[in-house]
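Protein chains: 2
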Amino acid sequence: MVSARQLEILSTVIEVGTTARAAELLGVSQPAVSNMIRHTEDLVGFPLFMREHGRLTPTKEALHIAQEAQHLFMQQNRIDNIIDELRGGTIGRLSVIATPSVGHGILPRILGQFIKTRPKLQLSIELGSQDEIIRKLGSGQADLGLSITPPRHSAVSVREIANGQLMCVCPAEHELALQEVVSISNLNHVSHISYAARTPLGQMIDTLFSERGLERRYFCEVRHTATALEMVRNGLGVALVDSFAVIGSRGENIAARPTKPTLPLKLYGLTSNMFPTTNLTMQFQQFLADYLEPHGGSGPDDGDL
Amino acid sequence: MVSARQLEILSTVIEVGTTARAAELLGVSQPAVSNMIRHTEDLVGFPLFMREHGRLTPTKEALHIAQEAQHLFMQQNRIDNIIDELRGGTIGRLSVIATPSVGHGILPRILGQFIKTRPKLQLSIELGSQDEIIRKLGSGQADLGLSITPPRHSAVSVREIANGQLMCVCPAEHELALQEVVSISNLNHVSHISYAARTPLGQMIDTLFSERGLERRYFCEVRHTATALEMVRNGLGVALVDSFAVIGSRGENIAARPTKPTLPLKLYGLTSNMFPTTNLTMQFQQFLADYLEPHGGSGPDDGDL
DNA sequence: ACCATTCTATAACCCTCAGTTATTTGGTGA
DNA sequence: TCACCAAATAACTGAGGGTTATAGAATGGT
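Here the protein sequences come in this chain order: A and B. When the letters of the first sequence are read in order and numbered with the UniProt record's numbering, they come out as residues 1 to 305. When the letters of the second sequence are read in order and numbered with the UniProt record's numbering, they come out as residues 1 to 305.
Incorrect hints may appear among the rest.
Which residues of chain B face chain A? A partial, calculated answer using Cβ under 7 Å [as the list claims (entries may be wrong)]:
1) Met-1
2) Lys-60
3) Glu-61
4) His-71
5) Ile-79
6) Arg-87
Calculated from the structure, these hints are not laboratory results. Keep in mind the model is a prediction, meaning the values are calculated, not measured. By construction, the Cβ of each residue, glycine as well, lies at the ideal position given by its N, Cα and C atoms.
All chains should be built: construct the whole structure from the sequences, respecting the hints.
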């Protein structure tokens with residue numbers, strides 16, 4: 001019925017007293033204001049201003065309407081702000097589920113960076129297996145899955161977020177730390193901490209070794225890179241760890257070296273294609289990619305953390 | 001930034017699921033909806049719907065915005081309702097100040113009728129002298145003054161609301177009740193209740209009598225018609241009372257007769273011209289006029305109440 | 001496999017309405 | 001009476017929200 005613009009003009013005229021000043025305020029010409037008021041009066045069916053002595057004085061009705069209109073303007077502003085924030089990704093909910101390797105290492109650190117500029121964000125971080133990731137994504141309970149093994153599943157789309165590689169991690173004073181590049185065959189001659197055959201990382205490493213006719217020997221079997229790292233940190237041995245986990249960890253007393261041959265792997269971002277991917281999710285993936293890009297390859301300088 | 005119309009269309013599409021049904025709902029064509037959504041997406045800078053399988057499914061962001069927009073629509077509706085009610089005079093504040101003659105008699109009765117169709121109205125009734133009426137009107141504390149003596153004052157404008165006359169009121173069994181018309185000279189031969197010389201009614205009647213070479217004799221002097229009426233009702237005598245007071249009173253056991261000569265008077269509506277007169281005030285004046293119009297003159301049938 | 005149906009998107013056109021500039025009218029005060 | 005200021009009017013413009021007609025993609029029934 002009566003438009004927001006009409007209420008805006010009405011309010012402004014009441015506020016500043018004359019059509020000319022209102023027009024100035026609103027950035028339009030004086031006749032525009034004059035016409036709009038007349039038009040609005042026709043519309044509502046009763047006078048909004050008394051014309052006397054060549055001036056406009058608002059009627060009680062007009063004052064009443066202008067009063068109410070303030071609430072409308074509030075809501076308008078509110079919505080505009082919300083849209084701004086949605087565009088900027090500064091509000092919303094971001095639910096990430098990651099494999100433990102990623103979720104323990106880089107994820108908390110990078111999320112910490114991410115929310116620094118988005119304090120209103122509501123976060124959810126969860127760790128889970130491949131299957132759990134798929135399930136949470138499919139049911140809409142999570143926005144983004146992070147994994148270093150890409151699932152082949154019709155309901156999720158996969159994006160390569162960053163390139164990394166397996167790094168050999170050892171105590172800083174370890175003999176292997178003297179080498180710039182560690183040959184994987186060396187691992188069989190030291191106390192090697194590795195992964196259960198069932199785990200994705202275990203399978204991946206198994207494949208790599210057997211492709212090169214090597215046997216994977218290790219004295220300790222763990223499930224997560226975080227565990228392996230912790231053991232290395234305590235001087236219990238050396239381990240192959242994905243570079244993402246290394247980036248995320250505190251680097252005291254441990255050295256990370258690229259391997260020969262290099263064992264490339266990728267960090268994958270997983271989103272459901274049953275649900276629309278939020279803006280925010282896209283932004284976080286990009287943020288991740290940007291953050292990890294310089295750490296990406298196996299520059300020799302990345303060795304010591 | 002983003003218009004109410006855009007939000008309306010967005011919400012509707014989300015609600016009903018397809019552009020075609022939304023268009024139908026909104027009473028526009030399907031392309032109008034389609035274009036508007038595209039336009040809105042350009043405006044906000046992020047997608048509001050996923051186009052897949054030839055269908056639109058809203059993004060989380062769109063749902064969020066639509067959610068918020070509901071509040072806006074509420075306010076819109078609220079304002080439209082308020083305007084309707086202001087137009088219909090069903091909301092607002094009506095403050096009436098009347099001389100006691102009017103304020104005791106017809107005013108409560110008529111106001112009772114008036115608010116029957118306007119239950120949300122906020123009322124204020126006050127009684128006061130001419131001077132007080134002028135003052136309250138001038139200070140904006142009252143919207144409408146009612147009086148049977150028109151003030152000559154620049155700050156109030158006067159409207160004649162109804163015609164009436166002085167009526168001779170006596171107990172139903174009184175000798176004067178036998179006459180259809182009572183000659184005012186008769187009053188000097190019965191127990192006559194009249195008004196103090198200071199009161200407007202006293203002055204008015206004084207003038208009438210002296211114009212006809214009569215002396216106004218009375219055994220009892222009161223200030224208000226209500227008092228006079230009450231006395232008549234209790235058989236204490238007869239009185240001249242304006243017809244408005246008679247209409248307002250309960251008519252048991254009393255008779256009202258026109259006089260010879262007729263003593264015309266008018267009910268005046270007084271409004272300040274320092275402040276705009278509200279719609280509602282105008283309506284109430286009209287209501288009064290309509291209500292009193294049939295009772296107006298001195299038809300013989302109006303005699304017995 | 002194909003056709004009918006349903007939905008979105010595009011194209012080309014239209015018209016109302018909020019805006020413009022230029023000017024007039026009305027009121028007040030020096 | 002003139003100068004000044006505010007509101008109103010007139011005549012015009014452009015953009016946006018609308019139209020019809022139609023194309024293109026996906027779904028479902030026989």
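Structure-based check of each hint:
A distance limit of 7 Å between C-beta atoms decides the matter here; for Met-1/B the minimum to chain A is near 5 Å, and the interface restraint holds. Interface hint at Lys-60/B: satisfied, since its Cβ lies 5 Å from the closest Cβ of chain A, which is below the 7 Å cut-off. Proximity of Glu-61/B to chain A holds as hinted, the smallest CB-CB distance being about 5 Å (cut-off 7 Å). About 5 Å separates the beta-carbon of His-71/B from the nearest beta-carbon of chain A, less than 7 Å, and the hint is met.
Hint status for Ile-79/B relative to chain A: holds, with the closest Cβ pair at about 5 Å, below 7 Å. With its C-beta approaching chain A no nearer than about 5 Å, Arg-87/B sits inside the 7 Å limit, and its interface hint holds.
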